[in-house]
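Residue numbers (the working numbering), protein chains in the order written: chain D, 1 to 223; chain P, 1 to 73.
Rather than coming from a laboratory, the hints here were simulated on the basis of the structure. A portion of the hints provided could be inaccurate.
[To be verified] List time: in silico EDC-like cross-link candidates among lysine to aspartate or glutamate, alpha-carbon distance up to 20 Å:
id: 1; chain 1: P; residue 1: Lys9; chain 2: D; residue 2: Glu175
id: 2; chain 1: D; residue 1: Lys212; chain 2: P; residue 2: Glu66
id: 3; chain 1: D; residue 1: Lys68; chain 2: D; residue 2: Glu43
id: 4; chain 1: D; residue 1: Lys155; chain 2: P; residue 2: Glu66
id: 5; chain 1: P; residue 1: Lys11; chain 2: D; residue 2: Glu175
id: 6; chain 1: D; residue 1: Lys217; chain 2: P; residue 2: Glu66
id: 7; chain 1: D; residue 1: Lys212; chain 2: P; residue 2: Glu62
id: 8; chain 1: D; residue 1: Lys217; chain 2: P; residue 2: Glu67
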Amino acid sequence: MTINIAFLKLAAYFAVLSNAELDVIKQAFSEKTFQRGEVILWEGEMSDVLFFVAVGAVKIFKTSSQGKEQILSIARPGDALNDISIFDGKTNPVSAQALGPVTIYGIKRERLQIVFQQNPELTLNAIKVLAERTRHLFTLVEDLSFRHVLGRVVKILLTHAGDGGGPVQRLTQQEMAAMAGTAREVVARSLKALEEQGYIRLENHRIVINDKESLQKILTDTI
Amino acid sequence: MTEMPSIDKKKCNRCGLCVSVCGCGAIVMVNNVVTIIETEDCHWCTTCEAVCPTGALTCSFEIVIEESPKTDS
């Protein structure tokens, strides 16, 4: 196992270090690989190793007591998976699952503390990284808390729906998110909620509205 | 012809995340270029779009209204 400095450089927590400094600290890291679907971290468990993605993509999510999943973000190379629990010493607030083959780099909490003490600039940088995360989560909380996001998604569906007879404009979930002024994760959750209610059906590359009246009622109720 | 996710090669940075998450083998790297292979196995999970950091890969939806059959009362 060789820790690749190029991958360490991707990590927001360590990106401020020079290649020479990274070369010194790289021996503190270990590597683990995961296959698609494998859970890397479970919500509620303790962590003593800070993990971050070197290769691949990881789903960061919470699960409700009813088993409903809310994706909070997709972690890509350089993103930390459990920094919150490493820094506050409490349990993982989220779970993390490999979306494909994934390589993770990890550093034990005690080693991390030593690396931070030896490189004080990392502390200020860590505050910046955590502040950016907090800002993202504030936006997500706002969107998930207010019903009008669902109304905005419904409005997009009704506005862009065709009758199946002719060519209609096609939309991606990313485009719907941009139109609704929200995150892609919130659009995905809204579509799932509408499907569970039986108002729409998600098929391959088609969103079929099968209860237009109920959607119009949601629209009226959320204005 | 099977509908497949589309790729904007100008936006693609060839990071390969879409290739790594595709569960049906529809997205592959050929000569360092992300290439879509037509397959019936693609179920439009949209994970490739979700992980793409540059918005190069898209899975668009057609939105249609299905008229419910009238029931006589």
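Checked hints:
1. Pair hint P/Lys9 plus D/Glu175 holds up; C-alpha atoms about 18 Å apart against a cutoff of 20 Å.
2. At roughly 8 Å between alpha-carbon atoms, D/Lys212 and P/Glu66 fall within 20 Å of each other, so this suggested pair holds.
3. Our distance criterion of 20 Å between C-alpha atoms is met by D/Lys68 and D/Glu43, whose separation comes to about 14 Å.
4. For a cut-off of 20 Å, the pair hint linking D/Lys155 to P/Glu66 stands: about 17 Å separates their Cα positions.
5. A distance of roughly 16 Å separates the Cα atoms of P/Lys11 and D/Glu175; the hinted pair therefore holds under the 20 Å criterion.
6. Restraint check for D/Lys217 and P/Glu66: satisfied, since their Cα atoms lie roughly 17 Å apart, inside the 20 Å limit.
7. Of the pairs offered as hints, the one joining D/Lys212 and P/Glu62 holds, with about 16 Å between alpha carbons and a cut-off of 20 Å not exceeded.
8. With a C-alpha separation of about 17 Å, the suggested pair D/Lys217 and P/Glu67 falls inside the 20 Å cut-off, and the hint holds.
Of the hints listed earlier, there is not a single one the structure fails to meet.
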